[in-house]
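Novice: Listed below, chain by chain, are the residues.
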Amino acid sequence: MAINAQTQPKLDTREPVINDFAFSVATKNGSGSQTSNNVLVKALFQMGIPVNGKNLFPSNIKGLPTWYTIRASKDGYTARKALTEIVVAYNNSTATEDVANLPPGGVCITTDKIAKVIRRREDISYYEIPVAKLMRQTEIPSAFRKLVENMTYVGAVAQLFEIPLDLIYEVLLANFKGREKPALMNHDVVKLAYDWTADNLVKTDPYRFERMDGAEGKIMMTGNDAGALGAVFGGVNVVAWYPITPSTSFVDGLIGFRGLRQNEGGENTIAIVQAEDELAAAGIVVGAGWAGGRSLTSTSGPGISLMAEFAGLAYFAEIPAVFWNITRMGPSTGLPTRTSQGDLLFTHFLGHGDSRQICLLPGNLKEAFEFGWKSFDISESLQSPVFVVSDLDLGMNNWLSDPFDYPDQPMTRGKVLDATALQEFIDEHGKWGRYMDVDGDGIAYRTLPGTDHRFAAYFTRGTGHDEFAVYSERSDDWVENMTRLRLKMDTAREMLPQPIIDDSSNADIGIITFGTNEDAIREARDWLANDGIKTHYLRVLALPLASAVTEFIDAHKSIFVVENNFDGQLTQLIRLEHPENISHVRSLALGDGLPMTPDWIYDSLKEQEG
Amino acid sequence: MPPRTNHLGLARNEYKGRPSTLCPGCGHDSISNQLISMAYELGLEQHKIIKLSGIGCSSKTPAYFLGGSHGFNALHGRMPSVATGALLANKDLTCIAVSGDGDTGSIGMGQFKHVIRRNVPFVYIIENNGVYGLTKGQFSATADEGQFLKYYGTNHMPPIDLALEAVIAGCTFVARSFSGDAKQVQALLQAAVRHPGASVLDIISPCVTFNNAETSTKSYPYGKDHEIPLHEIQILAPDYVEPKDEISVGDYEAGDIIDVEMHDGSFIRLKKLDNDHDPRNRRMAMDVLERSMREQIFSTGLLYYEEPRPTLADTEDLVDTPLAFLDDAELRPPKQALEGVMQSLMVG
Chain A
-4 MAINAQTQPK
6 LDTREPVIND
16 FAFSVATKNG
26 SGSQTSNNVL
36 VKALFQMGIP
46 VNGKNLFPSN
56 IKGLPTWYTI
66 RASKDGYTAR
76 KALTEIVVAY
86 NNSTATEDVA
96 NLPPGGVCIT
106 TDKIAKVIRR
116 REDISYYEIP
126 VAKLMRQTEI
136 PSAFRKLVEN
146 MTYVGAVAQL
156 FEIPLDLIYE
166 VLLANFKGRE
176 KPALMNHDVV
186 KLAYDWTADN
196 LVKTDPYRFE
206 RMDGAEGKIM
216 MTGNDAGALG
226 AVFGGVNVVA
236 WYPITPSTSF
246 VDGLIGFRGL
256 RQNEGGENTI
266 AIVQAEDELA
276 AAGIVVGAGW
286 AGGRSLTSTS
296 GPGISLMAEF
306 AGLAYFAEIP
316 AVFWNITRMG
326 PSTGLPTRTS
336 QGDLLFTHFL
346 GHGDSRQICL
356 LPGNLKEAFE
366 FGWKSFDISE
376 SLQSPVFVVS
386 DLDLGMNNWL
396 SDPFDYPDQP
406 MTRGKVLDAT
416 ALQEFIDEHG
426 KWGRYMDVDG
436 DGIAYRTLPG
446 TDHRFAAYFT
456 RGTGHDEFAV
466 YSERSDDWVE
476 NMTRLRLKMD
486 TAREMLPQPI
496 IDDSSNADIG
506 IITFGTNEDA
516 IREARDWLAN
526 DGIKTHYLRV
536 LALPLASAVT
546 EFIDAHKSIF
556 VVENNFDGQL
566 TQLIRLEHPE
576 NISHVRSLAL
586 GDGLPMTPDW
596 IYDSLKEQEG
Chain B
58 MPPRTNHLGL
68 ARNEYKGRPS
78 TLCPGCGHDS
88 ISNQLISMAY
98 ELGLEQHKII
108 KLSGIGCSSK
118 TPAYFLGGSH
128 GFNALHGRMP
138 SVATGALLAN
148 KDLTCIAVSG
158 DGDTGSIGMG
168 QFKHVIRRNV
178 PFVYIIENNG
188 VYGLTKGQFS
198 ATADEGQFLK
208 YYGTNHMPPI
218 DLALEAVIAG
228 CTFVARSFSG
238 DAKQVQALLQ
248 AAVRHPGASV
258 LDIISPCVTF
268 NNAETSTKSY
278 PYGKDHEIPL
288 HEIQILAPDY
298 VEPKDEISVG
308 DYEAGDIIDV
318 EMHDGSFIRL
328 KKLDNDHDPR
338 NRRMAMDVLE
348 RSMREQIFST
358 GLLYYEEPRP
368 TLADTEDLVD
378 TPLAFLDDAE
388 LRPPKQALEG
398 VMQSLMVG
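Chains as they are written, first to last, in the working numbering: chain A, -4 to 605; chain B, 58 to 405.
You may find that some hints are simply not true.
As the list claims (entries may be wrong) - 27 Å max Cα-Cα, derived BS3-like pairs, lysine-lysine:
1. 361/A - 207/B
2. 105/B - 410/A
3. 328/B - 392/B
4. 108/A - 172/A
5. 426/A - 281/B
6. 329/B - 426/A
7. 361/A - 76/A
8. 176/A - 23/A
9. 172/A - 392/B
10. 198/A - 176/A
11. 73/B - 105/B
I should point out that these hints are in silico values taken from the structure, not numbers from a laboratory.
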């Protein structure tokens, strides 16, 4: 047939490459490719292969180009790679560029129609799928045909790189929550392309998958789902939100897991309110935290901007509430569907005046879950808002992880006085004031509305106040209060999750980072080690910075701060908090809208280190 | 002689707050006084009440009444969201919220409309004086078109009628009053606090410093001369027994009295004055308000009432215990629940 006539198939003589290559799937947004890509990733996961899928998608409902990268790594490296060996070129408007990006010896899977318009290369393998013809052979009603068309590349990929068909069906069934009809409809197309590929194409590349046990006992999930699940186990009970990419699926996760917390009658212990905007969402969680709820909102940069005033109020009036910032690329509307770590400084200093917010910085699924529950304990213990700063890459992409550990600490509600405890407090101290620091840690005792004691009430305000919460414009009251708040932040420093440190190899170079760059750094460090360059590693888990960060900086001759924002914000924070002897601290800041690659870290560090 | 006490054995003094710091003669202080009387007369337990406000002169007032209740002076225009959160965390609390015409009609218009849409059960009092006091005399969005103020000249914008906005938003209890009409304010507060839904009271409350000239429709002289109550209002408690010699009933023709039954079995008894307004008729309420605005008629009283929709806590189908007081076992699912979720996400 005509398709085969275009190439001279010759059997590949290269060494086989097994479970160690990456795909890029190029499609049009809204064409149903999300299901196809998820199916591929989950099928590889079910084969026991360490795998990671990253969706690089546009801010658009239908039509604009979108890419999905899938990396399989027998060695467990799951960072995005700069180059993918294989491209599924299903979008005619990007196909030529997609093919041009392949390394020599790469693979292009495309449709017969697109194949006609691609600028061809001699040094790669082509597989052309007659999509229209195959689709005509199906019994699928025309209304659904476009939606399942992308399953043709799933079938071709499965045949070419050896993914078992029965696994694909299992994953499809799970994807459609056990409903056979849509699963079968999709699977029919997969099988059609699978069989057609077997009958008509000759494999001319060295890549294939093989079952292994690299994912045994692991789970696959998005960071937003992990954080939401953590919140459910952390006792969240009031949720307010406003839709915004990439945080919307966090609340979808909460809605999905809400059932874990219903009583026998199906009544809810979690209220979830879609507010009129992020400002109202912030007000709702602050009101709830004030009244004794465990409240949470999830948003992204533009929402955080709107929440600034409430964040300052909650900091100053000392009200617990948890804010998730699933960071996307700013400034302004920026790149709304691209990842970034660019909100670090903004979130940490959110609010006018001298305010400083506690931030937790999860870098993987386990931490997303852990901070999901722990953030409430921290927030109530410190009587302060807590911002969990995640990002789009962690939030919306599928990651591999060990199963989550059940919370290892009981819930702590902080210094809350009920009527009895309030009386005891008064008996001991002679009086109670909302902002009296009797323990010397900057944290006072609060009462909740509804407490049946004649001295329980106080008046919460964002205006200047004395330790009895009474309005005061006196300078000494103001300074005393601000001094106590600073003391509270110092208490927080050592109470918050401490940095993860690897300093076992007697190295002179230290790498500092936060958040989701860990996989890429781990791989880059291995490459550097192969070149004889030993490195140590520290990942910050919380702000304000712990003293361990300073000690790490002092202990190394050369420090690189690796982060995925344009201005090097963690570097700036280190300079601010640790201004002495930091001429050896250098910034490796990226901020290109994409998850970081080991290639970039390796190249940049080698260049700077000379 | 010992002071008179209510059924909790409390004197009226015990419902007071801190001394007011507003200008002497401010209409807002009269409303605070009526709130004190309302809580005293009804024998409300202060620890079950929360007092919320936004920012502005009006929003300072929660410090001046019910000293035994938790209060929260929040952000400009954002009190409704704080009320929403507080009442979700503890649906057993009674919430009295105070706002102003700037706080509600300008910066807070979005939250005002949406808190009504969600039907958060609270008393939302707008202390409306048509002017920004703390920033010294700017027009607010409720100021009359053509009105003149000393520093800012003539207002060329038409006013926003907040009671009308409340009706349009779906509020099931909407009233307008005048801070100089203590009796009516008292009756409306007693009704509103019993209403299990958002209830809005737009109370014209003159600013003696910046907007009390006779030419202003938000002034004392104007209010005293022009207020036209729609009805005489009386609140009948659920256990109310009609006296045999009820004079007021005798004074009215049958059909001139509307008894609006409230959710808790109490009644708002409305005795008709010189008009046909029936607050159970939404169209009529909007007509009265539109005519009042157009012809500058100062109609006061209960404008609109309907059987409340489900509250937000109902819509959310929450458990009986207030969320803030759930115990750890209700807040954290057991270990097996997590293991189940993990199992479902694993290979094989």
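Novice: Does each hint hold? Answer for all of them.
Specialist: Status of each hint after checking the structure:
1. 361/A - 207/B: Measuring from Cα to Cα gives roughly 63 Å; hence the hint is violated.
2. 105/B - 410/A: holds (21 Å)
3. 328/B - 392/B: Violated, because 62 Å separates the two Cα atoms, which is more than 27 Å.
4. 108/A - 172/A: violated (34 Å)
5. 426/A - 281/B: violated (47 Å)
6. 329/B - 426/A: violated (53 Å)
7. 361/A - 76/A: holds (23 Å)
8. 176/A - 23/A: holds (25 Å)
9. 172/A - 392/B: holds (24 Å)
10. 198/A - 176/A: At roughly 32 Å apart (the allowed maximum being 27 Å), residue 176/A and residue 198/A break the hint.
11. 73/B - 105/B: Roughly 16 Å separates the two Cα atoms, so the pair holds.
In summary, the numbered hints that this structure violates are 1, 3, 4, 5, 6, 10.
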